[in-house]
Amino acid sequence: MSVLQLKDIKKSFFGVQVLHGISLELKEGEILGLVGENGAGKSTMMNIIGGVLQPDSGSMFLRGEEYHPESPQVATDNGISFIHQELSLFSNLTVAENIYIDGYPKGKLGMIDKKKMASTTEEYLKRYHIENVSPSTSIGQLPMGTRQMIEIIKALVKNSHILIFDEPTTSLSNREKELLFKTLNELREAGYSIIYISHILEDVLMLSNRIYVLRDGSIVADGPTEEWDRDRLIHEMVGRDIKQVYPTLEKTIENDVAFEVKDLCCADSVKDVNFSIRKGEILGMFGLMGAGRSEVARAIFGVDPIQGGSVVIKGKEYHKTTPDLCINNGMAFITENRREEGLMMPKPVNDNMAMVMDRNLVRKLGMIDRAKEAELNDKMIHAVSVKVTNPKTQTANSLSGGNQQKVVIGKWIVTKPEIFIVDEPTRGVDVGAKYEIYKLLLRLASEGAAILFISSEMEELMGISDRIVVMKDGHLVKSIDKPDFSSELIGSYAI
Amino acid sequence: MERTENKSLKIRVMLDKGRRLVMDYPIIFFVFVVFLFGILFVPYFTTSYNMKNLCLQLCDLLIIACGYTFIELNAGTDLSATSVLCVSSVLGGWIMALSPLAAYPVLATIAGIATMLLIGLLFGVINGFSVVRLKMPSFIVTMATMLVGQAFATWFAQVVFGKNSIGGLPQPFLVLGGSGKYFLVPVVISLVMFFLADFILRRTKLGRDIYCVGTNPNASYISGINVKRTVFIMFVLCGLFAAVEGIVLTARNMAAMSTLGSTMFLNIVSAVVVGGTSVSGGFGGVKQTLLGSVFIVILNNAMNLVGVEWQTIMLVQGLAILLATIIDFMLKRARYTTRRRLAE
Ligand SMILES: Nc1ncnc2c1ncn2[C@@H]1O[C@H](COP(=O)(O)OP(=O)(O)OP(=O)(O)O)[C@@H](O)[C@H]1O
Ligand SMILES: [Mg+2]
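Heads up: the sequence lines are chains A and B, in that order.
In this text, residue positions in the first sequence follow our numbering: the first is 1, and each later residue adds one.
In this text, residue positions in the second sequence follow our numbering: the first is 1, and each later residue adds one.
One should not assume that every hint holds.
[Said to hold, decoys possible] Computed spacing ranges between beta-carbons, pair by pair:
1. N159/A / M23/B: 37 to 47 angstroms
2. V245/A / M23/B: 40 to 50 angstroms
3. K135/B / E131/A: 54 to 64 angstroms
[Stated by the list, open to error] Just so you have them, the derived chain A footprint on chain B, three or more residues with Cβ under 8 angstroms:
4. 211-221
5. 224-237
Don't read these hints as lab results, they were simulated from the structure.
Quantities reported herein were computed from a predicted structural model and do not represent experimental measurements.
Even for Gly, the Cβ is constructed at its ideal location relative to N, Cα and C.
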């Protein structure tokens, strides 16, 4: 029986049509996979179902009845829950408050039932093994992975019968992913209907009952999962075959150490981390959520304070760094939190691209060389193939999630970094673009850059790293060389 | 087929341009309306005397409002901007009229101007330092410096001048005020300051940094922008622009006054905010402020000529600010479009 039905939904933004007549059917007790390139229109479609956006034309039916969500509230009232691609938590509120943000439980006298909020939250936190977090922790202090789990819990607490997951696993490590998948399967057994969007095709193939492929705003193919395999999905998504997942590029690792971390302590929990990266080397860093990987990266780059130890950049030792100093030394850093720390969301793409490079374009009187700036902007938008109609005016928040990530990457690559720290650079990026990003990183390395590559996706780490270090509970526990790579081995040190 | 496609593309580009114009300068329409209102309904509005008057009033507001735009671009406050006016006025006046230097007009003028600029710098440095280093909210810091400044100016005038104001300023200095045939001097000064501010904001690295920091300080910091220095410079610039305003106004009044600018704060903020510089930072600029100043000045002037009481002027101005803030809010939503709506 179909629970939700879309008929010929169309949508355009400022004259650019994004959805060209989408029809789709969600059945009771199934997981529906939805895949497509960055900017294909997946999130737009889900936003329409969730009442965040209004369609230009077309109709929707919920259990056979016409359904017009004018606002997200209507969708919630109709039992539709939505895990957004871009986290929509309030960093100044607590975990419990965020989970209940759209409807606090009422107790006596209409007062907010704080006890119930805390106890239910506690229960969920325990069920999903989110340790060291209490219902009263404020969201702002939590790493991205935990925030994503909270976002998921927020949707589950509502007990809705239709759940939409827009790339829910981008910040999760395998363990959390497994927990989430187990929950999804349980929910399906219990008769819930789920739409699952992801760029990790293996997950979609493993989880879903049926898969729809969206390309440039049209559904180009659909069918039961048994009929799909990875290569065919990719073929339908991009319209051509992509055989290789990881590019191959001859590169040599030089003997000079470009960058070294000595006994680094930071964020109260990370202790005595030591590693070094040589020129031309890609060092992968693996660990579970909360292992302290991002914290290390942030301390190195001077975003958070170094509490002990030092970093050695091109032979010079520093006990305190700032982003300014690091950039002057040829470093670059892609943070995992692109919305708050990577981009100026309400500003045009070009302004975002120019943030870092402008420092190199200062001419007399402090003037910016605008011709050069425009030229580099164009070059970068091409190099990372951002899908944007007019980079001068289109704002970052109107780009699709994956394209936002490409802007962040472009903004840093333009300075040709020699030491590049990347924290989850392929988050939310489609297969084709992932390949391009790997290629960019490899090319930088082949030109002598040292790269620290942090990722929760073990596959990609093994695919492009020369060496992998594993972090656990704030300590660096193991360094593994390429010949010994295996997911069992790496996983065994992480857990 | 190709033709029509071309056409629709053109229309789209035009629509986009129109949309941007409204987004960037929501005030244009209102300026037009008050101006038309003045021409049609206000007696003596179009006389050359009044036009000249309007021009000078605009200069009086524009310089300091341009300075204030820097602060607003970072969503800050500088209540002390008007205190810079009175403190620099009394100290500059003292140097030029009462100190031993007064015997040498040119020298006195130079020393006076230098002192006044230094006062602006001092205010900027204190405000900026407190905000950046001591991490105090700009509202509190500048309220303190405003109070101290005003008290000092009053006290100094009482003790040293024996009254609120003092004349006898040197002739070369008075030229800056635009009396008689020197009408164009303050106009040129304010235009120079305006273009300077515009140049800084649009063409220089500093200007880029100001917009970046005003939009997203975290992302700016990680991108290697020196956020603290940028905020500090904003306060210094505001102080300096205010000092220039102090110079022009003192010369205009032909007297150093301890009450200089005491009623101006409302106009400054109105000009900046009504002009369209976002109260939450990151959007706007001095072009907007110019339009906002034109609007406020014409509004005040027209209502003065019609003869309404000051309460009514306040009322209208208050409503204009309210409207501007609402428009700003709506524009912000438009800028944030869909995705931001999720978080709100
Ligand atoms: N508010 C908006 N204004 C203008 N264009 C928009 C807006 N929202 C989305 N778009 C455009 O619509 C297209 C589809 O975006 P959408 O976010 O649905 O893609 P997506 O399939 O979710 O991609 P991703 O995998 O990167 O998340 C993109 O080209 C995007 O630039
Ligand atoms: Mg999306």
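Structure-based check of each hint:
A hinted range of 37 to 47 angstroms holds for the C-beta pair N159/A and M23/B, which are about 42 angstroms apart. At roughly 43 angstroms, the beta-carbon separation of V245/A and M23/B lies within the given 40 to 50 angstroms, and the hint holds. Separation of K135/B from E131/A is about 33 angstroms and departs from the stated range, judged on CB atoms against 54 to 64 angstroms. For the region 211-221 of chain B, the assignment as covered by chain A holds, since 8 residues bring a beta-carbon within under 8 angstroms of that chain's beta-carbons and 3 suffice.
With 3 residues bearing a CB less than 8 angstroms from a CB of chain A, the region 224-237 of chain B meets the requirement of three and the coverage assertion stands.
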